[in-house]
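**Q** Could you build all of it, start to finish, from the sequences and the hints given here?
Heads up: the sequence shown runs through residues 1 to 92, numbered per this note's numbering.
Please keep in mind that the hints were generated in silico from the structure rather than gathered at the bench.
No residue lacks a Cβ here, since even glycine has one placed at the ideal position from N, Cα and C.
Hints may contain errors.
Stated by the list, open to error - Beta-carbon label-pair distances, calculated as ranges:
hint, residue 1, residue 2, range
1, 56, 32, 17 to 23 Å
2, 35, 60, 19 to 25 Å
3, 65, 14, 30 to 36 Å
4, 35, 61, 23 to 29 Å
5, 32, 66, 16 to 22 Å
6, 54, 14, 29 to 35 Å
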Amino acid sequence: MSVDALGAVTYAQAIDSDGDRSLDFVDNCVHVPNISQNDIDHDGVGNECDNCESVPNPIQADSNHDGIGDACDPTNTAAAGAAGQSGAGTGG
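**A** This is the structure we're talking about:
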């Protein structure tokens, strides 16, 4: 982001690609309108674009391309293994 000596925003920064009244340089979901800018898991990706709203995953990895982020995809073996090691479940 470039701001001049007086703090003026340049034209390139004054773009709102999705029309949600949040300029792109501060919008947490640049290509999908999300007026609230909510980010429930605080990963920097707005809920409207987040492929795993309940678990922070700023990279938005989705290795099997099913639309569910690896961080919370039960069909992803890495995520399933991590969930199994969480200490929850049967104590036997």
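**Q** Hints first: check each against the structure and report whether it holds.
**A** Hints, verified against the model:
For residue 56 paired with residue 32, a C-beta distance near 19 Å keeps the hint of 17 to 23 Å intact. In this structure the supplied range 19 to 25 Å holds for residue 35 paired with residue 60, their Cβ-Cβ distance being about 21 Å. Range check, residue 65 to residue 14: Cβ separation about 34 Å, and the 30 to 36 Å hint holds. One distance hint, 23 to 29 Å for the beta-carbon pair residue 35 and residue 61, holds here, with the actual separation near 27 Å.
A beta carbon spacing of about 19 Å between residue 32 and residue 66 agrees with the range 16 to 22 Å that was offered as a hint. In this structure the supplied range 29 to 35 Å holds for residue 54 paired with residue 14, their Cβ-Cβ distance being about 34 Å.
No hint from the list above goes unmet by this structure.
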